[in-house]
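Colleague: Top to bottom, those sequences are chains A and B. Residues 62 to 431 (the numbering used here) make up the first sequence, in order. Residues 148 to 766 (the numbering used here) make up the second sequence, in order.
Calculated directly from the structure, the hints in this document are not laboratory data. This one's a predicted model, so the numbers in the text were calculated from it and none came from an experiment. Each hint should be verified, as a subset may be incorrect.
Quick list of in silico lysine-lysine cross-link-like pairs, DSBU-like style, CA-CA up to 35 Å [to be verified]:
hint : chain 1 : residue 1 : chain 2 : residue 2
1    : B       : K370      : A       : K425
2    : B       : K427      : A       : K420
3    : B       : K506      : A       : K425
4    : B       : K575      : A       : K420
5    : B       : K630      : A       : K101
6    : A       : K431      : B       : K575
7    : A       : K420      : B       : K709
8    : A       : K425      : B       : K608
9    : B       : K427      : A       : K202
10   : A       : K431      : B       : K281
11   : B       : K427      : A       : K431
12   : B       : K608      : A       : K101
13   : B       : K516      : A       : K202
14   : B       : K302      : A       : K431
15   : B       : K575      : B       : K229
16   : B       : K758      : A       : K425
17   : B       : K586      : B       : K562
18   : B       : K370      : B       : K562
19   : B       : K516      : B       : K630
20   : B       : K689      : A       : K420
21   : B       : K630      : A       : K431
22   : B       : K562      : A       : K431
23   : A       : K272      : B       : K608
24   : A       : K425      : B       : K562
25   : B       : K338      : A       : K420
26   : B       : K709      : B       : K693
27   : B       : K370      : A       : K431
28   : A       : K202      : B       : K340
29   : A       : K425      : B       : K422
30   : B       : K608      : A       : K279
31   : A       : K431      : B       : K422
32   : A       : K420      : B       : K630
33   : B       : K586      : A       : K279
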Amino acid sequence: MTTETPTAPLPTAKANIPNINRPLPVKPAAPAVNRIGLAKPDYNGNESTLCNGCGHDSISAQIISAMYELGVNPNSMIKLSGIGCSSKSPAYFMNRSFGINTLHGRMPSIATGALITNHTLQGIGVSGDGDTGSIGFGQYKHLLRRNLRMIYIIENNGVYGLTKGQFSATSDQGAVLKHAGRNDYMPIDMCLEAIISGCGFVARSFSGNAKQVVSLLKMAYAHRGTAVLDIISPCVTFNNKEDSTKSYDWGRNHDERINDFGFVPNYEEITIDDFQESEDKVVTMHDGSRIVLNKVSAGHDPTDINAAIKLCMDAREQKRFITGLIYVNPNSPSLAELEEVNNDVPLAHIPNEQLRPSKASLDKLNAGWK
Amino acid sequence: MSTVTEVTPPAQAETSGAEAGRAAIINDFSIVACTKNGSGSQTANLTILRSFFKMGIPVVGKNLFPSNIQGRPTWYTIRASKDGYVARTDAAEITISLNPEGAQDDYNKTAPGGVFIYSETGDRDSVKVDMHRKDVSHYPLPVKKIADPLEKDAKLRTYGRNMAYVGALAWLIDIDRSVIEAALRYHFKGKDKPVQSNMAIVNAAYNWAAQNWTKTDPFRVEKMNATEGLIVLDGNTAGALGAIYGGVNFVAWYPITPATSLADALGDYLPILRKSPDGKPTYSVIQSEDELAAAGMIIGAGWAGARSMTSTSGPGISLMSEFTGYAYFAEIPCVIWDVTRMGPSTGLPTRVSQGDVLKAYYLGHGDTKNICLLPSSVYECFEMGWKAQDVAEKFQTPVFVLSDLDIGMNNWMSKPFDYPETPLERGKVLTEADLERLKGFARYRDVDGDGVGYRTLPGNKHPFSAYFTRGSGHNETAGLTEKSPEWVANMNRLGRKFESARTHLAQICAPVVDEVEGAEIAIISFGSTDPAIVEARSRLAKEGYKISYLRIKALPLANEIKDFVAKHKHVHVIEMNHDAQMLQLLRLHMPDMATKLHACNLCDGLPLTAKWVSQAILK
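Working from the sequences, and respecting the hints, build out all of it.
Modeller: Below, the structure written as structure tokens:
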């Protein structure tokens, strides 16, 4: 994995560009800039069209913060989504990144094609509980199985918003909604499903907990394969009653952090001695970044897959809203590594002369079939 | 199993075959080998086929197989034709029967005056049929007695028994055994051991036949010089190679008959042909979880700037419907090979049809229409393999190649493949330097008047490079819009783009036209119906019939097809589907001449024969 360290700062967008209708980031008067010379507004997107107070908008803001703070080059990132309220949100952050709003539940396959043919891009996918847990469940599982390097965010509100209030696959058992009636089925736990599918980075958070979401996004960025962030993101219009586990009230009152952690990006020079060795656990990511977990703060060891599974099972059973890094295994090779296409030149940019074999090779084949 | 219990001895030989004073029939007959599925008869059949080819005799092989894996009857037909005809014939002159199941039917179907070679093993594998036909020459063959002692490995014995009929046939119709050895050497890629062990059985069977059979039939082969410079290959391998020489660098696929061997061939040849100077692969092949994901992956790859493709068949095409509509509207290049088979539903998955014409052309929802290339031969599978990649990127849209099971899975003679004459055409892609010069771009603006916009590729480092791709309504700058005029303008531009594609395809995949002076009757066809039409026209021409012929190579239909129709009184549209799908498209294309166009379609799972074509035109 490479980190964004361009030799010269990239130019920032200018306000007045012919032939472009979409809003462009406006440069502030005295901008603070990050390590690649970009100001935070350079990471802005379009104005959101989601409902006022939607959790998804908080997550978009947290993505902007995390990528700005990390100094990610927007041109090296692609934004992907499926269909639904959550999937509209890639238009609301990082306009300087390419975006692709795909089909309902099918973002993983598009991501696979795009990121296997250009592994130098960092993918950030935004999906929802309907998009991932129902129509896209198969593609979600296969994405994780292949370990495509990308951040996969599930903006989980337990309800279909864009079609006005149907139950989703993560809706609480026994929940009652105005039009949908009562949900009799077990909710699918997106984190548990991720762990058992081989995912090496599984976290849950709450859209109202900006600090935690930003930290998890930074860690997810450093992950070698697919990083799943199941972020409970309340739907203020259809599923925000206080007894819903996807509501703001529930999130605020029940947020149970399973670990406290710090994140040291690979470009920061901090030695291991700076940590309290006896109390901290350090997980070194494939790109050299480090996650520093305070062992004392909670009993959960996120490098223990059985503990992670048990934690999810118990939490579901006991209706506990656990947040934090549930499972991490930084060592599984990504799809691009497995396919051996993680070369200097990505597949999509291989020059034409290397794409067409020689005439001599065809002559030889022709002769062989005679 | 055959229901016949009473076995009658073969009819007396004095009334049959050569003894009846028939002239020798040289290099002009078909053979059908009826064996058990999974018994390894492919080696035996391909050896016969390649032996004929190496003797200079025009030949074609067709595998007519059931949708089973092991034990059930399967048929392989080999046609030798001194005149170069490569269509299927209605009945084979020589039946080789090694599977008791269905043997009576195979016997009954043998062409008049034909040959019946059957396994006589003294056990349940013996072919027991009522051999009542006096016109047929009967030859029993103790395949186990001949082959088993020569094959120590019990697991390989069924293979050996199949080689026994190759040896006996060699004696019967005079195949040069040195040619058989050369054919085996080809099959086993020069490996000595299997060549020797198989030749031992061929020789033993040859000698056994020489000692025990008396030839009473007129069929034999003779060396000629009609295959010089040609190759023999299947269409799926040709299509895969075409794609490789077309620069494909991402493949996603899901197993389905009859398209699997195309993906297999990509897997075989890509590692050989496509390494970067430092030895790294310049491609990736992923077996996806289903065809839906395969479509998503190739579209993702096309969006990122790769040349991508998948191979599938009818059911897979159905699963790709939503994604195809998406790629059409979001304007993302990709290539979808549809090796067509019989539908609807699971249909007859190992039988041929051309039933996906309308489906592929209109795949998607709302107003979609797709470019389709229509190969009729192994040669065109290669040619369209690379051209499809160029067309997809030139027009930034999904391109279908509609091959079929007959072309794709069977072995055909072909002229050697020609190296692509034009460089890779990557379409309108803006670089960082272009963006710096232009100070921006509008993804879906029709700058050149051909309906094709300029695109940028993810990873482009220029700050103005990014745009947002979506299946929802968008304006020129790829922004979300629900405004009616913007929607209409965009759809009109897509219409202009489709017309640009029509013009371009009329040049690079122009219809193949053979107009006969003074002809009132004409044929229009596409794809694998071609060999039967070529043979029928040739035979009818000898009887004095004047029939013109136009073969379509691409959709949208070229405008010159209208001119061709205008010149003729009756135009028969020959195709292998139940609903006369190409006829429907042609009638839409030229409504004023719709009544001139006649349905001439058959969909029975088998490749067309010249006899059927002749009768259908003259009825």
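Colleague: Does each hint hold? Answer for all of them.
Modeller: Hint check:
Annotation: proposed proximity of K370 of chain B to K425 of chain A holds, straight-line Cα distance about 26 Å (limit 35 Å). Taking the CA atoms of K427 of chain B and K420 of chain A, the gap is about 20 Å. The hint holds against a cut of 35 Å. Only pairs whose Cα atoms come within 35 Å are accepted, and K506 of chain B paired with K425 of chain A is rejected, the gap being roughly 38 Å. At most 35 Å may separate the alpha-carbon atoms for a hinted pair to count; K575 of chain B and K420 of chain A meet this at roughly 26 Å.
Proposed proximity of K630 of chain B and K101 of chain A is supported: the alpha carbons are some 32 Å apart, at most 35 Å. With a C-alpha separation of about 40 Å, the suggested pairing of K431 of chain A with K575 of chain B is violated against the 35 Å cut-off. Proximity of K420 of chain A to K709 of chain B is assessed by CA-CA distance (about 38 Å); at most 35 Å being required, the pair is judged violated. Between K425 of chain A and K608 of chain B the alpha-carbon distance is near 41 Å, which puts this suggested pair outside the 35 Å criterion.
The hinted pair formed by K427 of chain B and K202 of chain A meets the criterion: a straight-line CA distance of about 29 Å does not exceed 35 Å. Restraint check: the Cα-Cα separation between K431 of chain A and K281 of chain B comes to about 40 Å, which exceeds 35 Å; the hinted pair is violated. Among the hinted pairs, K427 of chain B with K431 of chain A is consistent with the structure: their alpha-carbon atoms are about 30 Å apart, no more than 35 Å. As the CA atoms of K608 of chain B and K101 of chain A are separated by approximately 18 Å, the hinted pair is consistent with the 35 Å bound.
In summary, the hint linking K516 of chain B to K202 of chain A is supported, as the alpha carbons are separated by about 32 Å, within the 35 Å threshold. Our distance criterion of 35 Å between C-alpha atoms is met by K302 of chain B and K431 of chain A, whose separation comes to about 31 Å. Taking the CA atoms of K575 of chain B and K229 of chain B, the gap is near 49 Å; set against the 35 Å cutoff, the hint is violated. The straight-line distance between the Cα atoms of K758 of chain B and K425 of chain A is roughly 39 Å, outside the 35 Å bound, and the hint therefore fails.
Simply put, K586 of chain B and K562 of chain B have alpha-carbon atoms about 50 Å apart, too far for the 35 Å limit, and the pair is violated. With a C-alpha separation of about 20 Å, the suggested pair K370 of chain B and K562 of chain B falls inside the 35 Å cut-off, and the hint holds. Only pairs whose Cα atoms come within 35 Å are accepted, and K516 of chain B paired with K630 of chain B is accepted, the gap being roughly 23 Å. Distance restraint check for K689 of chain B and K420 of chain A: the Cα-Cα separation of roughly 41 Å exceeds the 35 Å cut-off, and the hinted pair is therefore not satisfied.
A threshold of 35 Å between alpha carbons decides the hint, and for K630 of chain B with K431 of chain A the separation of about 60 Å lies outside it, so the pair is violated. A distance of roughly 10 Å separates the Cα atoms of K562 of chain B and K431 of chain A; the hinted pair therefore holds under the 35 Å criterion. Straight-line distance between C-alpha atoms of K272 of chain A and K608 of chain B comes to about 30 Å, which keeps the hinted pair within the 35 Å bound. The suggested pairing of K425 of chain A with K562 of chain B holds, with an alpha-carbon distance near 14 Å, which does not exceed 35 Å.
Restraint check: the Cα-Cα separation between K338 of chain B and K420 of chain A comes to about 27 Å, which is no more than 35 Å; the hinted pair holds. A threshold of 35 Å between alpha carbons decides the hint, and for K709 of chain B with K693 of chain B the separation of about 20 Å falls inside it, so the pair holds. Between K370 of chain B and K431 of chain A, the direct Cα distance comes to roughly 16 Å. Compliance with the 35 Å bound is thereby established for this hinted pair. Between the alpha carbons of K202 of chain A and K340 of chain B the distance comes to roughly 47 Å, so the proposed pair goes past 35 Å and is violated.
The hinted pair formed by K425 of chain A and K422 of chain B meets the criterion: a straight-line CA distance of about 17 Å does not exceed 35 Å. Distance restraint check for K608 of chain B and K279 of chain A: the Cα-Cα separation of roughly 22 Å lies within the 35 Å cut-off, and the hinted pair is therefore satisfied. Of the pairs offered as hints, the one joining K431 of chain A and K422 of chain B holds, with about 26 Å between alpha carbons and a cut-off of 35 Å not exceeded. In summary, the hint linking K420 of chain A to K630 of chain B is not supported, as the alpha carbons are separated by about 51 Å, beyond the 35 Å threshold.
A threshold of 35 Å between alpha carbons decides the hint, and for K586 of chain B with K279 of chain A the separation of about 33 Å falls inside it, so the pair holds.
Comparing the model with each earlier hint shows violations of hints 3, 6, 7, 8, 10, 15, 16, 17, 20, 21, 28 and 32; every other hint is respected.
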